[in-house]
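K.L.:
Take 17 as the starting number for the sequence shown in my numbering and just add one per residue.
By construction, these hints were calculated from the structure, which means they are not laboratory data.
Misleading hints may appear alongside valid ones.
[Stated by the list, open to error] 35 Å max Cα-Cα, derived DSBU-like pairs, lysine-lysine: (1) Lys247 <-> Lys234; (2) Lys46 <-> Lys271; (3) Lys282 <-> Lys215; (4) Lys234 <-> Lys46; (5) Lys77 <-> Lys46; (6) Lys247 <-> Lys271; (7) Lys215 <-> Lys279; (8) Lys46 <-> Lys138; (9) Lys215 <-> Lys142.
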Amino acid sequence: MRKSLYSDPLKAIVQEYSSNSRDANREVGKPNTPIEITINNNEGYIVFKDDGPGISEYRMKEVVLWYGRSSKRKDNKQTGGFGLGLKVSFSLSDSFLITTKVDNHCYEYCAFIDESSKGALKLIDKREMRPGESTGTEIRVPVGRNNCAAAAQHVRDITQWWSPPAILHGFPKIKNIQPFLSGSGWVILSEETRNSINKVPVCICDGIPFYNSPPSDKGISIPRNVILVFKTGEVQISANRESLYWSDSTSHAFKNKIEHFRKEYKEHLEKHLNNLTEWEDKILYLNNTM
17 MRKSLYSDPL KAIVQEYSSN SRDANREVGK PNTPIEITIN NNEGYIVFKD DGPGISEYRM
77 KEVVLWYGRS SKRKDNKQTG GFGLGLKVSF SLSDSFLITT KVDNHCYEYC AFIDESSKGA
137 LKLIDKREMR PGESTGTEIR VPVGRNNCAA AAQHVRDITQ WWSPPAILHG FPKIKNIQPF
197 LSGSGWVILS EETRNSINKV PVCICDGIPF YNSPPSDKGI SIPRNVILVF KTGEVQISAN
257 RESLYWSDST SHAFKNKIEH FRKEYKEHLE KHLNNLTEWE DKILYLNNTM
């Protein structure tokens, strides 16, 4: 299961751990505290760090060893919810390291695949937290030096839509997306921005981009250059979180969002064009938004 669950394990690792780190900050009332991501090209690993509550000894076993359990399924403020947890690393590597600070102690674990091909967990070190240390978790995943550039690209593709942006160490600075025009549940990018990013998504759900277009039988036509924006729970995501799940409820959410966009965009366009006096300015504005 661990090797076949994802079509792109490296992307899944970046998306899962960055989302989990952000969720951890939200869990303790720190939604505006950025997570930190470090890539070490020389040693071939990536680290995800949060300032969340830490992971207790019992919960550690749950999120590393057991599939199908989640503490987030009823929480629309957090991106997770499918019970994949920290074990996503096993799709690429046979081991990874976890450091977590909780209950006045700092724990260091090694999660690994044992001789029976099952996930196992070993406590490497335990100490009391030092004065001034705060709770939180770091996940260090060996991805291989040859995969670091691809990992950096995935970090860019996923976190460039976030606010606040992630703090990044070890790779080129990532410029977060600045929309040319935005409204309630939609954004339009300038032509320059569209050309500068790797791929333009169909929608953004809680900051996570999704690219698979609606099937033709759903009767959904997304306006050109428009990216729809959803909150967690408004659309359904596939079990491995790689793509949208085009259920009837997802299709309904898209149709409602598109209808809302058309009404809001029309009002904005009429107001803005009336404020422009030169035809050249009006044409330039329309070229960027249509």
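K.L.:
Decide, hint by hint, whether the structure agrees.
P.N.:
To see whether the hints hold, each was checked on the structure:
{"no.": "1", "hint": "Lys247 <-> Lys234", "verdict": "holds, 21 Å"}
{"no.": "2", "hint": "Lys46 <-> Lys271", "verdict": "holds, 33 Å"}
{"no.": "3", "hint": "Lys282 <-> Lys215", "verdict": "holds, 27 Å"}
{"no.": "4", "hint": "Lys234 <-> Lys46", "verdict": "violated, 39 Å"}
{"no.": "5", "hint": "Lys77 <-> Lys46", "verdict": "holds, 25 Å"}
{"no.": "6", "hint": "Lys247 <-> Lys271", "verdict": "holds, 15 Å"}
{"no.": "7", "hint": "Lys215 <-> Lys279", "verdict": "holds, 27 Å"}
{"no.": "8", "hint": "Lys46 <-> Lys138", "verdict": "holds, 30 Å"}
{"no.": "9", "hint": "Lys215 <-> Lys142", "verdict": "violated, 43 Å"}
In terms of the numbered hints stated before, the structure departs from hints 4 and 9, listed from lowest to highest.
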